[in-house]
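Engineer: Chain by chain, the residues:
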Amino acid sequence: AQTVTQSQPEMSVQEAETVTLSCTYDTSESDYYLFWYKQPPSRQMILVIRQEAYKQQNATENRFSVNFQKAAKSFSLKISDSQLGDAAMYFCAYRALYSGAGSYQLTFGKGTKLSVIP
Amino acid sequence: EAGVVQSPRYKIIEKKQPVAFWCNPISGHNTLYWYLQNLGQGPELLIRYENEEAVDDSQLPKDRFSAERLKGVDSTLKIQPAELGDSAVYLCASSLGSGGARDEQFFGPGTRLTVL
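Protein sequence lines correspond, in order, to chains A and B. Taking the working numbering, the leading residue of the first sequence gets 1, the next gets one more, and so forth. Taking the working numbering, the leading residue of the second sequence gets 1001, the next gets one more, and so forth.
Honestly, I wouldn't trust all of these hints.
Unchecked claim - Computed far set for chain B versus chain A, every beta-carbon distance over 10 Å:
| # | residue |
| --- | --- |
| 1 | N1024 |
| 2 | G1028 |
| 3 | R1064 |
Claimed, not checked - Covered, in the sense of this in silico footprint (three residues per stretch, anywhere, with C-beta under 8 Å from a C-beta of chain A), are these stretches of chain B:
| # | segment |
| --- | --- |
| 4 | 1037–1050 |
| 5 | 1066–1074 |
Claimed, not checked - Computed beta-carbon distance windows for the label pairs:
| # | chain 1 | residue 1 | chain 2 | residue 2 | range |
| --- | --- | --- | --- | --- | --- |
| 6 | B | E1053 | A | S74 | 33 to 41 Å |
| 7 | A | I46 | B | E1053 | 23 to 31 Å |
| 8 | B | G1040 | A | E17 | 19 to 27 Å |
| 9 | A | N67 | B | P1018 | 44 to 52 Å |
Treat the hints as calculated values from the structure; they're not laboratory data. Positions of the beta carbon are idealized from the N, C-alpha and C atoms, including for glycine.
The shape of chain A in the complex, shown without the other chains (with noise of 0.2 Å):
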């Protein structure tokens, strides 16, 4: 079965500086999507950047990055230029790529509660 594990449960971080939240994974597929949602506290998932486990590219998303590291089943994210509405509870996901049963299905981390200090 897949694992995610998001390794801190807070973060903070200065308002316009930079953050990173980090995330790792376990799987067995070679193939698989990744993906980093944002909750703040109105509770709506957002989903803030993708990452597809054959691009080795990494994504980029305006202020938002993310490091993958395949081999090491790693997928951080880096949020640049902080802004107060960066506030909120980060979940790393992962989701298989082939079709199946339980292929659509999300894994999610615990989270990280990202605080930004003004």
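Chain B: place on chain A using the hints.
Structural biologist: Just chain B, lined up with the frame of chain A:
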């Protein structure tokens, strides 16, 4: 375009009472998911529907939980009877259903259940 709609947002009940949650997915989304999110945890899948068919309900506690998706659109998740340990947030999500990386799951705001 409206997102995933869930109701109620909050529900407080006594243990052993029944409770139901409703979800309306994004129009045109064939796949619907119910997730359970305990405090301090990430969401865990309870059941996945492809249209009106439950194609993955392996993690749904069938002794007290049931779900339906009539006509392949709206869905209802029911707990009967509720237990103290059922206190959690119940999230609904939907996606087009193509299965690729671009098949993004869109989440609703969830229902926070408190069982007293």
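Engineer: Are any of the numbered hints broken by this structure? If so, which, sorted upward?
Structural biologist: 5
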